[in-house]
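Residue numbers (our numbering), protein chains in the order written: chain L, 1 to 288; chain B, 1 to 288; chain G, 1 to 288; chain E, 1 to 288.
Calculated directly from the structure, the hints in this document are not laboratory data. Misleading hints may appear alongside valid ones.
A pair counts as met if it fits within one copy or between any two copies, since identical chains are not told apart.
[As the list claims (entries may be wrong)] No more than 30 angstroms apart at the CA atoms, straight line, and that leaves these computed lysine-lysine pairs for DSS-like:
#1 Lys47 - Lys164
#2 Lys18 - Lys91
#3 Lys100 - Lys256
#4 Lys164 - Lys91
#5 Lys191 - Lys91
#6 Lys32 - Lys100
#7 Lys281 - Lys100
#8 Lys47 - Lys256
#9 Lys47 - Lys93
#10 Lys247 - Lys88
#11 Lys281 - Lys91
#12 Lys32 - Lys256
#13 Lys18 - Lys281
#14 Lys256 - Lys152
#15 Lys91 - Lys47
#16 Lys247 - Lys191
#17 Lys164 - Lys256
#18 Lys256 - Lys191
#19 Lys152 - Lys247
#20 Lys18 - Lys100
#21 Lys18 - Lys164
#22 Lys247 - Lys32
#23 Lys164 - Lys207
Just so you know, these numbers come straight off a predicted model, no measurement behind them.
What follows is each chain in one-letter form.
Protein chains: 4
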Amino acid sequence: MDRTVPSAILLIHCPDQKGIIARVTEFLSRNKGNIIDLDEHVDGHEKIFFMRVEWELEGFVIPMEQISDRFREEIGDRYQMVWALHYKGTKPKVCVFVSKYPHCLYDILSRYQSGEWSIQIPLIISNHDHLSDIAARFDIPFYHIPINRDNKQAREQYQRSLLKQHEVDLIVLARYMQILSENFVREYPNKIINIHHSFLPAFPGAKPYHSAYARGVKIIGASSHYVTTELDEGPLIEQDVVRVSHKDSIQSLMRKGRDLEKIVLSRAIWHHLRHNVLVFKNRTVIFD
Amino acid sequence: MDRTVPSAILLIHCPDQKGIIARVTEFLSRNKGNIIDLDEHVDGHEKIFFMRVEWELEGFVIPMEQISDRFREEIGDRYQMVWALHYKGTKPKVCVFVSKYPHCLYDILSRYQSGEWSIQIPLIISNHDHLSDIAARFDIPFYHIPINRDNKQAREQYQRSLLKQHEVDLIVLARYMQILSENFVREYPNKIINIHHSFLPAFPGAKPYHSAYARGVKIIGASSHYVTTELDEGPLIEQDVVRVSHKDSIQSLMRKGRDLEKIVLSRAIWHHLRHNVLVFKNRTVIFD
Amino acid sequence: MDRTVPSAILLIHCPDQKGIIARVTEFLSRNKGNIIDLDEHVDGHEKIFFMRVEWELEGFVIPMEQISDRFREEIGDRYQMVWALHYKGTKPKVCVFVSKYPHCLYDILSRYQSGEWSIQIPLIISNHDHLSDIAARFDIPFYHIPINRDNKQAREQYQRSLLKQHEVDLIVLARYMQILSENFVREYPNKIINIHHSFLPAFPGAKPYHSAYARGVKIIGASSHYVTTELDEGPLIEQDVVRVSHKDSIQSLMRKGRDLEKIVLSRAIWHHLRHNVLVFKNRTVIFD
Amino acid sequence: MDRTVPSAILLIHCPDQKGIIARVTEFLSRNKGNIIDLDEHVDGHEKIFFMRVEWELEGFVIPMEQISDRFREEIGDRYQMVWALHYKGTKPKVCVFVSKYPHCLYDILSRYQSGEWSIQIPLIISNHDHLSDIAARFDIPFYHIPINRDNKQAREQYQRSLLKQHEVDLIVLARYMQILSENFVREYPNKIINIHHSFLPAFPGAKPYHSAYARGVKIIGASSHYVTTELDEGPLIEQDVVRVSHKDSIQSLMRKGRDLEKIVLSRAIWHHLRHNVLVFKNRTVIFD
């Protein structure tokens, strides 16, 4: 659903029990909130209840700054809920990390520039300077911050200060070929999206197209996930695949893979920006 | 979700307005119905609200035979709802219509026989006797009812009397190569599922693989839909496609298409049997 | 196969008969041409033989300018062949036509700029000025040539003079929302590639996403084809699809469709640039 | 291509060198063999040439029993070729191994019974008796051979004697839940086809749907491969995938997976039966 009215979104999870939906929708309708979208999911395995509810702010009688407290008092605490409250309307600030490959960066910038995504991109960070021309074409500040084993800690500190300074909400690793250190990752839980060029959990780590070629797979994939401290093990947001054959050399796997990578990464970013994603026990619930 | 507890399902649509979800869930929870699944959809174009809600019958305080009346009085009339109430537990009776092609019939019978689907198949009806051996292998009565222009009305009358006699709930046209007359179709609204061997609305009518070959398409498809009085125009339940190339002859399109046809038809039947399908203005809402 | 050695490519079709492959490969090997790729196809329906053969020019004893004549004398005439001879190495000149939608243009320009495609883009032509900024970002001359019913003939004349002046080899209609007149199309047979935003032959003409929504399809597609004088009826080069559901509004169909459109168009351009495409009776043979 | 004329098929691989295609096609055409299909592939990485050529036996001047020798003398030895010569026309004998799951068996038997595949199925072998009724329905001898750690060697000996006795050409493991011992596997190189219920190399071994659920993948797959002495590591013949979501329980992954498994296994069998498959260094070349 593509709507433009100002709205609020609650992403909720809690132990499953009777009457949760009734309580939440009663709370919203009693306060004159018109529900635009409601989606719920019960994980029967884990006995966990998940919910995404979006309602129009126009006419809602609780002021924005009090919604969270009122929700906690009336419902949240009682049901042991974990929840996040988001508002549509403000443009989130996104920082893109890149290395040498331009395809994902171009795809992101074209969506940004054409207004497909309502975001700000205050800066691009790279450990190489190959893509600085692209940043210049799109008038975005480009920080070339080379990293090696010796300077990694200091350079990451610099990166993190830039992110703080620009009040970055989301970090996108657009084929960034460095592993972020644990402290960095822990500072941005479920706020760093990576694209890995394989169908995870197949072929984690380096050179997945070479491995796919050697294994003789008939389909290749790309996987976008939140970054956690375990390499290529974070919660998957989106995956897609394309059929290949014995005719494909490693080079042509890379060529076909590039198109997958950029589309899969952009779909994942879009879900994140829409507040469609809820993470629980390293799995995602995607309400779309 | 695959659950085995006895449950009831309400499929609802009505003009969109505030508070519907709250009212319905409050009604269920007040009567001690534990909601297993709730899915709603608002068609912003048509301003119509759709809902599928499934709850456990165990502990529900309203007796089964009174649920419909109580729902009407307390909610349904007030919101101008159209709704259907279903119960899981009873095995629906399915009649399969076939002609000469066995692949869809085999697929249906193997799911039936292996218990994948909890149904009864009291009879198979065919205008040819090619597949009578298969019916015999699976111990299902096979009615060979040849149809031509002259006898069509009488033979359909006979078919319909068989359906009545066996209290058939669902008719599946598994590559049945006759067009049902309007009266027949009108007697079973949204209760006749057909498989068409193209990606509708491309290539309706006869010989779609020949047309696909002639047009040089790079992908072929199959479409399953409820039968209406307009040929191949009924509400689509499920579609799927497979990539083809210039190497495919008409024969190999048919071969690849057969696998599509049987899987797409079976998925559509499954959705129908699960009461996942809601029809509105010739489109389906599939709550899965 | 991705190779960078200078090579020649023959695309051949002729009535099927014995010994063609032997004759062609003997001709090449006798003249010391090392075959890199050979693919043949026999259309059993039409009794037509198709072949794509690529060989290294290094060591080939026939000078480039004599290959065509020698091939005709020794083989082509005898087998009533229609053939085209191409060389890899020269950068073809591509002109992109656009209107208001930027996504296909961005995709083309990013592949061009990053060197994924070895082409020149001497100019972009548009009937609107919406995308002139993008052309400027990529330093490509942008010709804003508004067209209406009255000036169409004159403006097309101007477009064609620009194409001539820039020696354009390939025209790409990247969501260009004007229909080229017959004379224009006839001047560039199999040299104009269009992207249509539906799974042809479903939903030809205007507003296919609206039609797809109204029909309630479960899958949408995009189709790239050579332009002929019949609207949306030219030979299909590439198609792809994506699954949708009742949740998708017309706007979200458009959003999902944009990703399809740009990828499908770019794949078609790539096949054309590689000389993989052979057209016969409005169908394409794609040797990949 | 679906043809019914009697034909011979050569599957060849050898070190890549100039003139191979010319020599082979010249040999066939000189002996009045009309080539129906020729497909070649050069693995640029390994510098290996692969070829599948099929020609009509009618009119071919070399008697069937001399083709292999004549080919060796004139071409094979000189180019260090490894080749296999097959004839279309004889019905290969296929033995199906099963355990408890019926879906792949049903799919195979329905293709066999309907004449889609031109094969014989002289016997079904199982370590459980769950599916004996199905075998009975299709009038195929069913050998119930329970296997445990203690009797494995003896029971496999019995299985192998049955295969010998029935002159079995191809063994299909249709969700057979026992691992064949190395000696058994070595006796049937590239003649045992298995279906694994994951997108290999992801989730090898036991319970892949449970692992896929735990990992939260957005797509599941099935993989058919020749069995080697390394578990789930043999050359892949065919793979396919289907999209899933957080809504899918382990049970519904299994349900969706079953459809994949049976179709992927049947496609792999079909390629094998058509002699489309060439194995080299644990990868397959599929000429289709």
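Could you figure out if Lys18 and Lys91 sit no more than 30 angstroms apart (CA to CA) within one copy, between two copies, both or neither?
between (37 angstroms within a copy, 28 angstroms between copies)
Cα distance capped at 30 angstroms. Does Lys247 pair with Lys88 within a copy, between copies, both, or neither?
Only across copies: Lys247 and Lys88 sit 19 angstroms apart there, 47 angstroms inside one copy, limit 30 angstroms.
Reference check for the pair Lys32 and Lys100, CA-CA at most 30 angstroms: within, between, both, or neither?
Neither, since 51 angstroms and 40 angstroms both go past 30 angstroms.
At most 30 angstroms between alpha carbons: which applies to Lys256 and Lys152, within, between, both or neither?
Close neither inside one copy (33 angstroms) nor across copies (39 angstroms); limit 30 angstroms.
Check Lys47 against Lys256 for me: Cα-Cα at most 30 angstroms, and say if that holds within a copy, between copies, both or neither.
Between copies only: 23 angstroms across chains, 40 angstroms inside a chain, cut-off 30 angstroms.
If the cutoff is 30 angstroms on CA atoms, where do Lys100 and Lys256 land: within, between, both or neither? Let me know, please.
Both ways: Lys100 and Lys256 sit 18 angstroms apart in one copy and 28 angstroms across, limit 30 angstroms.
Quick one: Lys247 to Lys191, C-alpha cut-off 30 angstroms, is that within a copy, between copies, both, or neither?
Classified as between: cross-chain Cα gap 23 angstroms, same-chain 39 angstroms, threshold 30 angstroms.
Given identical chains, is Lys18 near Lys100, meaning Cα to Cα at most 30 angstroms, within a copy, between copies, both, or neither?
Neither, since 52 angstroms and 38 angstroms both go past 30 angstroms.
Is it within, between, both or neither when you check Lys281 against Lys91 at 30 angstroms Cα-Cα?
within (29 angstroms within a copy, 37 angstroms between copies)
Is it within, between, both, or neither for Lys18 and Lys281, if the alpha carbons may be no more than 30 angstroms apart?
within (23 angstroms within a copy, 34 angstroms between copies)
Up to 30 angstroms between alpha-carbons, please classify Lys256 paired with Lys191: within, between, both or neither.
both (28 angstroms within a copy, 24 angstroms between copies)
At most 30 angstroms between C-alpha atoms: does Lys47 with Lys164 qualify within a copy, between copies, both, or neither?
neither (38 angstroms within a copy, 44 angstroms between copies)
This entry does not satisfy hints 1, 6, 7, 9, 12, 14, 17, 19, 20, 21 and 23, going by the numbered hints stated previously.
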